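Visitor: The primary structure of each chain is shown beneath.
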Amino acid sequence: MPTDPPDAPDDAANPLLASLQRAVEATPDDVALRLHLADLLVEAARGGEAVAHLAAVLQRDPGSSRARELMATALAPPAPAAPAEPDPTARPSGFDWQAAESDLGEVVAPMFAESSAQESEVAAYDVEGSRITLADVGGMKEVKKRLNAAFLAPMRNAELRQMYRKSLRGGLLLYGPPGVGKTFIARALAGELGAGFMTVSMADVLDMYVGNSEKNVHELFETARASAPVVLFLDEVDSIGHKRSRMHSDHMRSTVNQLLLELDSVASDNEGVFVLAATNHPWDVDAALRRPGRLDRTLLVLPPDLEARLAIWESHLRERPVAGIDVKKLAKATDGYTGADIAHLVESAAEIALLEAAESGTVRMIGQADIEAALRELRPSVGPWFETARNVALFANDDGSYDELLTYLRKHRKL
Amino acid sequence: MSDPRLQRVGDLLELRRHAEARAVLQPLLAERPDDPGLHGLLAQALLGEGDHAGALAAANRVVALAPDDEWGHRIAAVTLDRMGQHLEATHAAAEAVRRAPLSWQTHKVYAQVAIDARSMGRDARAAAQRAVQLAPTEADAHFVMGLVAHRLSDDQTAVAAYRRALQIDPQHATALHNLTMLESGLRLGRSAQGLGAALRLAPDDELMRGNVDVLAARFVRRLYFAALLAFVVGLAVALAGGPDGGPTLLSVLVAAALVLGGGGYTLALARSIPVGIRRYVSGRLLRDRFLLLNVVLTASMTIAALVCCLVPGGAGWGLLLLQPIGLANVAAFVWAVTRRR
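So the sequences go chain by chain: W and S.
For the first sequence, the positions run 1 to 415 when UniProt numbering is used.
For the second sequence, the positions run 1 to 341 when UniProt numbering is used.
Next comes chain S alone, as it looks inside the complex (with noise of 0.2 Å):
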């Protein structure tokens, strides 16, 4: 027998449809203001809302109406590690361990704060292995193991690590992020394709959609320095064929090669990318000026390479333009320190 309000809970967290969660738990809490498992589920409800004191304060409660348990240790260790509390994180859930040594859950908690307090990397690593030892058919024991060996650079066991528990839960979209992030590097379309798939499973999830905004930018950033070099280049060419001279050989191979190449290149990176994620960066494009600022950048550079290389008297051109779009360049580059700060 279980109350189908709780049953309905869990799943709603599960869901992430945290304020539903504490919505449905209210009236449950008024009539059992005493039950640690309500308060505990609070807890997990207020820590998605990203209410953090909140979910600390229920996480005490459970702590307080059941001492010898380990579950309300376990929720104060991740609220704790929100918080950027690491230290008092890795005690609680410390705690949490020495409640319930043969959970896997505790050690998982226990990795996954030691891995985020400072110097205690061996410790994350020992509890992630007894974890998996503990609980080898289950996804989250091991996307823990991948996510300790990730942030201490063993990428070939988080790797494996992440690839099981993909194995066990094809559905886990963070283990998937991570893979992608970790076996992509700098394949833009790799990367795409991952995040589309991780986001295909997990939509809502903010970390995977800043992570397409990181793609996005270094998308236009590639292409920024492509049309720059080739501004450059074309310039250059324009210039020994003299400032009145008309298209060579060379400066007509220099446009082919910019137009085959980056247009080519942009083509495929752009058909290689799920439309879902294409239609977002694309908005992105439109609504981030910085990056508006560049994708104009970029189109201008390339416009006056082409010019250089293609028109008569191409130098002329190219010098004239060279002043406007050295300070915008300049402007461009001042906007991204500070932006950065």
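With the rest of the complex left out, here is chain W (with noise of 0.2 Å):
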């Protein structure tokens, strides 16, 4: 169930607050008073607050859609666990940094001034321990088995890697629908070996003055580099490293050519940085990417498989309300569907819940029917990806690229 912060400051700090909460007491019919006293509570973090009084505003005017917009926003479940690893740049708890800063940001002059515009705006990455692992990772035995096979066994084994001369150059490109797990999975790689993890989006990297991108691709392989042994995660690679030969700007294709060179280096002289990148678009990913030494190697990542649903509807389902729910069902009902899907629709049968509850007055568990009306609603995401994939695969397969993908859509009678 969410909570209050622990930390919520009081009506006397707001006086705004406690003269709406006592207007409201004064005319408890007032429908608007209190939809406008709800807003300002969700605004001001105290979900909790507003519950009782979008739920009466509910009780009095059940068609009020702004009521239920802000009753999802204040019953949306809490904020995901903090990373195991305690974070270096964190603030000691105590003080809500945050809400300071909102509430003073218009009275007191920020304390450090903005960089200058000619200066990067990715001035440092930061690297985190993973302690997840493959094992984690739920079903995806197809996955793992060639995670194994293509990354993990000849850097384990490094004396095997030595009588086979197996070098360790080169990288490892995931790719497959938008939101199958492609991060996590680089995550639990990172946690598997050990090593550190950095993630950046590439699109982050770009930067509008001409020199900074390329300064900022640098910058990042500099920092794996010092951080070693870590798993550098380079996302929506088809960002910047797309197919050159479609790119007008000489701006890009440099940024590209420094991402290339520190690709390369990283191949000779630097162990322990180990290259993962994710795209949505292999096929729009640059082909000077691919080669060997580069991001040589591709994993197809496909939607949870029946043992990953299950696991993944577990874990969505645990810290909720629920009752009577039949998960096996669940996950044989979602074939197709992906990790971010599942969650989408755990959170939307919630909402059915909470607001059936708000408008009755009474609290009662997520349903099985709850799971299934919102199942109802929502199809797969994947649809369109595949669209393409199956158009790609089918036509600009002639170096065998995606024969993986090929075999998965032929199974799946997608063709």
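None of these hints come from the bench; they were simulated from the model.
Source: prediction; values computed, not measured.
Note that the Cβ used here is the ideal one computed from N, Cα and C, for glycine as well.
There may be inaccurate statements among the hints.
To give an idea of the chain S side of the interface with chain W (calculated C-beta under 10 Å), a few residues [said to hold, decoys possible]: (1) Arg-5; (2) Leu-199; (3) Gly-316; (4) Leu-319; (5) Leu-321.
Simulated restraints on C-beta separations [claimed, not checked]: (6) Leu-207/S - Ala-287/W: 34 to 40 Å; (7) Lys-328/W - Arg-340/S: 47 to 53 Å; (8) Ala-32/W - Arg-339/S: 56 to 62 Å; (9) Arg-190/S - Gln-368/W: 55 to 61 Å; (10) Asp-288/S - Arg-379/W: 22 to 28 Å; (11) Glu-387/W - Ser-272/S: 25 to 31 Å; (12) Thr-133/W - Arg-32/S: 58 to 64 Å; (13) Gly-189/S - Asn-257/W: 38 to 44 Å; (14) Lys-411/W - Arg-122/S: 52 to 58 Å; (15) Pro-324/S - Thr-407/W: 39 to 45 Å.
If you want the footprint, here are the derived chain S segments under chain W, 3+ residues with CB under 8 Å [claimed, not checked]: (16) 9-22; (17) 328-336.
Relying on the hints, combine the two individually framed chains into one complex.
Guide: Printed below as a string of structure tokens:
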């Protein structure tokens, strides 16, 4: 169940809220006033208090879409748990810096002036520890097998590697539809290797000033080298390294060249930097990036299999008030749905139960019927991706890059 | 200096990832709602997504925000053309030309929309020529010349223009596609190869895939008529030998010609087709019930023809099969007519 923030400010700190509270107490049937108060409470991150007012509004005006929206926001699940490893940049608990900043934002000038526009916007990259391993990834046996063959086995067996003269050159490109857990797998791989984890969306590396994007790319790799052993995860790699023949900007081309330079450098000089990249559009990735020694191995990550879906359903339902849920049935019914889709289904089901509870004034559990109702509304999000993937696998697979995808499509009668 | 988000939008538009381009544009538009360039990009994204009304609204916004700029008129012209409002499209394109007479792109768009409007072929050709004069090294200028000539049935000019476009940009999928359509004529194998090459460059292109469907239908039709002819000839040869007669030299020769000719042709054609097209067509044959019926009919008539020619008393068998095959053919014919309507 969601709870109020432990250090929620009291009304004395916010005279407007206190005054509104009194006004509502004086005129409890004033729906507009209650709604306004609830709105402000939600804004002030005091969702728990807002719920009671919103329930009262919905009792009087069940059709109020604003009240429903606010109720959904107020009762949204709490933010995910903090990372397992303590974040070195995290503030000590006890004082809400964010709230203070937001309260004083317009009164007190910022402590540090903004950097000049000429400077890079991406100054530093965080290296996280990863405690999850591949054992925490439910199902997906084929993916794990491929990861082991392509990445883990050569890395773990130095003697065998030397005997077979197998080099550690090159990185791995994970591709597949959005929302299937490519980042999670990369993180698990870092945990498996006992290495740090650096993730960066390549779209964030781009900078509007000539030379800065290249600098950012270099800085990223320098940080990785200094933090070895580390898994460097380049997300959305197509946003920087897409087909060069289609690129008109010299600026972008030089950024890609810098990335190629860094990848080659990683391959020859730097031990302990394991480059993983991910994209939803491997067909748009620059061919130069996929040459030997660079991102030369590809791994298709598909929507979760039955076992993985079971794990995902269980994980998403664990913290919620549920009753009578047949997880196996749901896992079977959601073939083709991604982890993100399942998360969305659970959210929608929670919303259905919540609104009903708010309207009736009686709290009830999330049931199988709620999830099935949500399931009827939501189709798998991967449909459009498979449309494009099918065309690519059919018509642009001369070099066999998409054989794995083709096999999957054939097996699932998607051709 | 240029905003990397804008570059990203441009790249996404080039990659035909229109929905993503629109998603990147939304926050930019919220920041700068009066930036005509952003509305122009939005119009392109919406056009790519098939939202013509939205694209036109965005193009009109560009015109309102930057009335002296040709871009808004140019996008409006393309959008109106797609909406079937060809005359209005030519007016918008003419406005773009008036504002930027030295821009090859305005002439290209004028040619492109004028060729869709009735009786404006001469204007379209002049505009295409002007585009080529202004930008002789731009593949798209030659492509539009090819397109206009193609539509005016000036095949020689069209082929030369498409070839020139491909010399400049060997990855110009549409030029390759159109050249294939123009040059291969009724040669199915060559058409399939050209389409395969074009689809390799633009696997998501619906028009090209539509033409593969046309090709598949043509292939099935060809085999169907060959089988029908074989059945008629086989039955005639068998009847000539008498109702209870055995296979004659002539009937064996007819059967051999059928197996070697029909089978050999089908095999050779299948081998010449790129593997992707072959897979696509196989899937299509299974999904399209009409095509499937034609395939079944073709196989039935081929077998019936072989029975007539090679089995003792083949004429009797042939006459027995004549009625169901005839009925099935009539049904297929009626289906074909209603389907065409």
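Visitor: Now tell me, hint by hint, if it's right for this structure.
Guide: Tested hints:
1. Arg-5: holds, 8 Å
2. Leu-199: Cβ of Leu-199/S sits 4 Å from chain W, so the hint holds.
3. Gly-316: violated, 43 Å
4. Leu-319: With a closest approach of 41 Å, the Leu-319/S hint is violated.
5. Leu-321: violated, 34 Å
6. Leu-207/S - Ala-287/W: 34 to 40 Å: Violated: the Cβ-Cβ distance is about 26 Å, outside 34 to 40 Å.
7. Lys-328/W - Arg-340/S: 47 to 53 Å: holds, 50 Å
8. Ala-32/W - Arg-339/S: 56 to 62 Å: holds, 60 Å
9. Arg-190/S - Gln-368/W: 55 to 61 Å: Distance hint for Arg-190/S, Gln-368/W holds at roughly 58 Å.
10. Asp-288/S - Arg-379/W: 22 to 28 Å: Since the Cβ atoms of Asp-288/S and Arg-379/W sit about 24 Å apart, the hinted range of 22 to 28 Å holds.
11. Glu-387/W - Ser-272/S: 25 to 31 Å: holds, 28 Å
12. Thr-133/W - Arg-32/S: 58 to 64 Å: Hint violated: Cβ distance 46 Å, outside 58 to 64 Å.
13. Gly-189/S - Asn-257/W: 38 to 44 Å: Given a distance of about 42 Å, which is inside 38 to 44 Å, the answer is holds.
14. Lys-411/W - Arg-122/S: 52 to 58 Å: holds, 56 Å
15. Pro-324/S - Thr-407/W: 39 to 45 Å: The hinted range 39 to 45 Å holds for Pro-324/S and Thr-407/W, with Cβ atoms some 40 Å apart.
16. 9-22: holds (count 5)
17. 328-336: violated (count 0)
Against the hints set out earlier in the document, violations occur for numbers 3, 4, 5, 6, 12, 17.
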